[in-house]
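Line by line, the protein sequences are chains H and D.
Numbering (our numbering) for the first sequence: 1 to 427.
Numbering (our numbering) for the second sequence: 1 to 415.
Quick caveat, the hints were computed from the structure, so don't treat them as lab data.
Treat each hint with caution, since some may be false.
[Said to hold, decoys possible] Straight-line Cα separation of at most 20 Å, SDA-like style, residue types lysine to any residue; simulated pairs: (1) H/Lys292 - D/Lys315; (2) H/Lys121 - H/Tyr89; (3) D/Lys204 - H/Pro9; (4) D/Lys315 - D/Tyr406; (5) H/Lys135 - H/Lys208; (6) D/Lys341 - D/Phe256; (7) H/Lys115 - D/Thr216; (8) D/Lys283 - H/Pro9; (9) H/Lys326 - D/Lys120; (10) D/Lys282 - H/Pro60; (11) H/Lys350 - D/Lys120; (12) D/Lys204 - D/Cys7; (13) H/Lys208 - D/Lys282; (14) H/Lys292 - D/Asn75; (15) H/Lys135 - D/Arg276; (16) D/Lys173 - D/Asn110; (17) H/Lys115 - D/Lys204; (18) D/Lys283 - H/Thr136.
[Unchecked claim] Label-pair restraints from in silico Cβ distances: (19) H/Asn148 - D/Arg229: 51 to 59 Å; (20) H/Arg149 - D/Glu347: 25 to 33 Å; (21) D/Pro223 - H/Asn12: 53 to 61 Å; (22) D/Ile378 - H/Ile214: 23 to 31 Å; (23) D/Thr232 - H/Glu345: 38 to 46 Å; (24) D/Thr330 - H/Glu178: 40 to 48 Å.
All residues carry an ideal CB built from backbone N, CA and C; glycine is no exception.
If you want the building blocks of each chain, they are given just below.
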Amino acid sequence: MKTQKSDRPPVNPINIEFISQPEKIILSNKVPVYFIKGGNEEITKIDFVFRAGFTAEEIPLQSSTTARMLTEGSEHMTASEINHELDYYGITFNAASDRDSTIISAIFLNRHFTKALELLKEIIFSPRFPEDEFKTLMNRRLQWFLINREKVSTIATEYFFESVFGKSHPYGLRLNAEDFSRIKPAHLRNFHSRYYIPQEMTLFVSGKTPTGVIEHLENYVGSIVHYPADRKKSPPLPYGEKKRNLFIPKEGAVQSAIRIGSQTIKRSNPDFSSLLIVNTLLGGYFGSRLMKNLREEKGYTYGISSYLVSLDLAGYLLIATEVGKKYTQKAVKEIFKEIKILQKEPVKDKELEMVKNYMLSDLVRMFDGPFATAESFRLVWESGMDMSYFQTLAQKIKSITPDEIIHIARSYYDTGELYTVIAGPEK
Amino acid sequence: MIEIKRCCLNNGLRVIVHEDSSTPLAAVSLVYMVGSRNEDPELTGLAHLFEHLMFRGSESVPDFDDQLQLAGGENNAFTNSDITNYYLTIPAVNIETAFWLESDRMKGLNITEESLSNQKMVVLEEYRQAYLNQPYGDATLLIRPLAYKIHPYRWPTIGKEEHIKKVTLGDIKEFFHSYYAPNNCIMVVAGNVSADDVFRLAEKWFGKIKMRKVHTETLPEEPPQKSARKLTVKRNVPANALYKAWHVCCRRDPSFITLDLLTDILAAGESGRLQRILVREKKLFSSINAYLTGDLDPGLLIIQGRLNNGVSYEKAENELNKIIEEIKSTPVPDEEMEKVKNRFEAEHIMDRVNILGKVLSLSQYEVLGDASLINSEIELYRNVTAGMVSEAAGNYLKKTSCNTLYYISTAAKQL
Chain H
1 MKTQKSDRPP
11 VNPINIEFIS
21 QPEKIILSNK
31 VPVYFIKGGN
41 EEITKIDFVF
51 RAGFTAEEIP
61 LQSSTTARML
71 TEGSEHMTAS
81 EINHELDYYG
91 ITFNAASDRD
101 STIISAIFLN
111 RHFTKALELL
121 KEIIFSPRFP
131 EDEFKTLMNR
141 RLQWFLINRE
151 KVSTIATEYF
161 FESVFGKSHP
171 YGLRLNAEDF
181 SRIKPAHLRN
191 FHSRYYIPQE
201 MTLFVSGKTP
211 TGVIEHLENY
221 VGSIVHYPAD
231 RKKSPPLPYG
241 EKKRNLFIPK
251 EGAVQSAIRI
261 GSQTIKRSNP
271 DFSSLLIVNT
281 LLGGYFGSRL
291 MKNLREEKGY
301 TYGISSYLVS
311 LDLAGYLLIA
321 TEVGKKYTQK
331 AVKEIFKEIK
341 ILQKEPVKDK
351 ELEMVKNYML
361 SDLVRMFDGP
371 FATAESFRLV
381 WESGMDMSYF
391 QTLAQKIKSI
401 TPDEIIHIAR
411 SYYDTGELYT
421 VIAGPEK
Chain D
1 MIEIKRCCLN
11 NGLRVIVHED
21 SSTPLAAVSL
31 VYMVGSRNED
41 PELTGLAHLF
51 EHLMFRGSES
61 VPDFDDQLQL
71 AGGENNAFTN
81 SDITNYYLTI
91 PAVNIETAFW
101 LESDRMKGLN
111 ITEESLSNQK
121 MVVLEEYRQA
131 YLNQPYGDAT
141 LLIRPLAYKI
151 HPYRWPTIGK
161 EEHIKKVTLG
171 DIKEFFHSYY
181 APNNCIMVVA
191 GNVSADDVFR
201 LAEKWFGKIK
211 MRKVHTETLP
221 EEPPQKSARK
231 LTVKRNVPAN
241 ALYKAWHVCC
251 RRDPSFITLD
261 LLTDILAAGE
271 SGRLQRILVR
281 EKKLFSSINA
291 YLTGDLDPGL
301 LIIQGRLNNG
311 VSYEKAENEL
321 NKIIEEIKST
331 PVPDEEMEKV
341 KNRFEAEHIM
351 DRVNILGKVL
361 SLSQYEVLGD
371 ASLINSEIEL
381 YRNVTAGMVS
391 EAAGNYLKKT
401 SCNTLYYIST
411 AAKQL
């Protein structure tokens, strides 16, 4: 049956001109604050970003445990008082670290704005890291770790990063159960005093922020004093392991997890936008080549995705899927086949139009509401860029040609360089 | 306050609109009032498999996803025991494409044998990924048949592998004609649109679809549970886990809100009683949670936790029971009541910060009877008293109507 073209409503151009730079102020202690105002609800989100993550650690788990221990006791409050207050004021609190940063976020109703700031100041800047709570937390984290280690998806992902970034680099670090007993509260105090300081901090305030917000921020955050701290030197650039194919057996698994990818360029590289488009074509949306082939035609998997991520020291490409165990080898073959097709055959008009419109509207979705907008801004800010990145990306999406796509696919998907990591049952 | 406008087409399709000019997007949600509860016990998983096929070709559009993506849209869907919900976001300038696509697949599907067998494979991989290949992944599959003996909630939405395999094109057609009618559907549109435009587009695209007789079955009522039930399984997981499920009221019952606050008193945030006492003070569990299934027919209140190594089930259950008994006998302090209400309010408002969250919330409330309930829900929670919480705990959390699952680790040392 044919599509009745006459029925189809016209597709209108998608514009992203509404994206604007956030307002920036500097508090008296030189802490930068970005405001992303918007939304209809009387609600605000604050992100405290410290540019210190795994790469700043002296010992594994140091940054994430420091973040997680903030609510476990402070100078004036016990853990149960802190947790009660956070819940009492309906504050959604989250503290976590990743490879390059520690991010502490709180979302709360505007009528609790000053209470929330007062509480956040106490929690973030005067933690005590008490021993008993520390032990309980580490036991809980160890249990999560042990459970996650049973999943083929976790196993494959961990070995993938170890292979791509190297065993000795913090980007490639694979945790062991012993790491959970090696870390001590003294490590947390050390990390906190080094990095939870004004010169390492940037604030992102989003939502329908109440009046007087700047004065309040000045009062609670601007008053935090500087003191000298020696930042750990950034580690060298990561280098991948020599071995490009890895199989990790997992007895009893009914699916295999497949991870394929490599290091690649960072967002600051002029080719990054084009590579993002190629990545989307390959596996970055539901209509992608990999999804159509491995799911919608062959039924090997519930889903397959490819990612392009930019970190401080490197970027990476990653294709990830879980497939029925009997399809493991066939799936790997099809993934490589799709990459090679992208490198050889020009993309047809209809598919190119589809991916272009999808990506332009996905840009719009990245700005759906003030919290999403703040997150999108933080992403480019971490790469040392600003909102103009999105305008450049939009231009590239509109202008990219089939030839450029072939060129980019050839330049950045060197099939001989890709790592293939599989976790699953033995054949 | 979320402003809502509504109309009902002659064919029974309800259309609800919320205008929000702060976003360049529009979000559209269609809820069909059909879920796994409507399935034949010998053909479970059909409602969910059917949801997958809704993307595989309709009367005049062979490629739903491609056409939507061409207009910049993105979509997904979910099926549960009661409903099937299809939702999408799209730049508001292209909203009409959503009407074209959704109306076309309401008119009729055009599914081939090939599509059917392909989506069976995809659903079986989904089953493996979500339930079989995850530690503790099959626990929910075990609890349902333990708690329900008669009601269709006894089988999970994902269904049974052997049932999924035997679904025919005939079954798919019959299911479509029985349930996918305009008069069995709710459509909610929110975003940078005008209500008048939405009503006009709804009439243009959906108005000609005929009202159909929707298959109505009287679902068997689950008889009251008279005695406690228990199931023990052994699995290769790192730690023992405990699951307890009690029969409670349906989502529309006024007591549901009281029970929701009760589960928050038990387990919301790090200050919930279960976390505070069982995880932090007594160190019996490494994690524990309490929640309601929230079904349209009487559902379950489930408490589930993972035991620390060296803790016996007996000890863990005794201490858990003490906390439950205390809620029944001792009024919850005012400050704690205020805390769970404040938390609810904040989360309720956070759900609507983006347009998709808003449209999905509105859909859920319309399923309960009226989308504008979204505006009165906070007040209903505010009106719950400590006495009501104790009473609800006494009424529902009875030892005799409890279903307990011991999920025993073959790796951990057993006591």
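Evaluation of the provided hints:
1. The suggested pairing of H/Lys292 with D/Lys315 is violated, with an alpha-carbon distance near 52 Å, which exceeds 20 Å.
2. Taking the CA atoms of H/Lys121 and H/Tyr89, the gap is near 15 Å; set against the 20 Å cutoff, the hint holds.
3. Distance check on the hinted pair: D/Lys204 and H/Pro9 sit about 12 Å apart at the alpha-carbon level, within 20 Å; holds.
4. Using a Cα cut-off of 20 Å, the hinted pair D/Lys315 and D/Tyr406 holds, with the two alpha carbons roughly 13 Å apart.
5. As the CA atoms of H/Lys135 and H/Lys208 are separated by approximately 39 Å, the hinted pair breaks the 20 Å bound.
6. At most 20 Å may separate the alpha-carbon atoms for a hinted pair to count; D/Lys341 and D/Phe256 meet this at roughly 14 Å.
7. The hinted pair formed by H/Lys115 and D/Thr216 fails the criterion: a straight-line CA distance of about 53 Å is larger than 20 Å.
8. Among the hinted pairs, D/Lys283 with H/Pro9 is inconsistent with the structure: their alpha-carbon atoms are about 61 Å apart, more than 20 Å.
9. Between H/Lys326 and D/Lys120 the CA atoms are separated by roughly 16 Å; this keeps the pair inside 20 Å, and the hint holds.
10. Of the supplied pair hints, the one linking D/Lys282 and H/Pro60 is violated, its CA atoms being roughly 28 Å apart against a limit of 20 Å.
11. Restraint check: the Cα-Cα separation between H/Lys350 and D/Lys120 comes to about 28 Å, which exceeds 20 Å; the hinted pair is violated.
12. With a C-alpha separation of about 14 Å, the suggested pair D/Lys204 and D/Cys7 falls inside the 20 Å cut-off, and the hint holds.
13. Taking the CA atoms of H/Lys208 and D/Lys282, the gap is near 42 Å; set against the 20 Å cutoff, the hint is violated.
14. With a C-alpha separation of about 16 Å, the suggested pair H/Lys292 and D/Asn75 falls inside the 20 Å cut-off, and the hint holds.
15. The straight-line distance between the Cα atoms of H/Lys135 and D/Arg276 is roughly 15 Å, inside the 20 Å bound, and the hint therefore holds.
16. At roughly 9 Å between alpha-carbon atoms, D/Lys173 and D/Asn110 fall within 20 Å of each other, so this suggested pair holds.
17. Annotation: proposed proximity of H/Lys115 to D/Lys204 is violated, straight-line Cα distance about 52 Å (limit 20 Å).
18. In summary, the hint linking D/Lys283 to H/Thr136 is supported, as the alpha carbons are separated by about 7 Å, within the 20 Å threshold.
19. In this structure the hint that H/Asn148 and D/Arg229 lie 51 to 59 Å apart at CB is violated, the actual value being about 31 Å.
20. Separation of H/Arg149 from D/Glu347 is about 31 Å and conforms to the stated range, judged on CB atoms against 25 to 33 Å.
21. Look at D/Pro223 against H/Asn12: about 57 Å separates their beta carbons, and that is inside 53 to 61 Å.
22. Remark: the range hint 23 to 31 Å for D/Ile378 to H/Ile214 is upheld by a beta-carbon distance near 30 Å.
23. Distance hint for D/Thr232 and H/Glu345: a CB-CB separation of about 57 Å, inconsistent with the stated range 38 to 46 Å.
24. Remark: the range hint 40 to 48 Å for D/Thr330 to H/Glu178 is upheld by a beta-carbon distance near 44 Å.
Hints 1, 5, 7, 8, 10, 11, 13, 17, 19, 23 from the list above are not met by this structure, while the remaining hints are.
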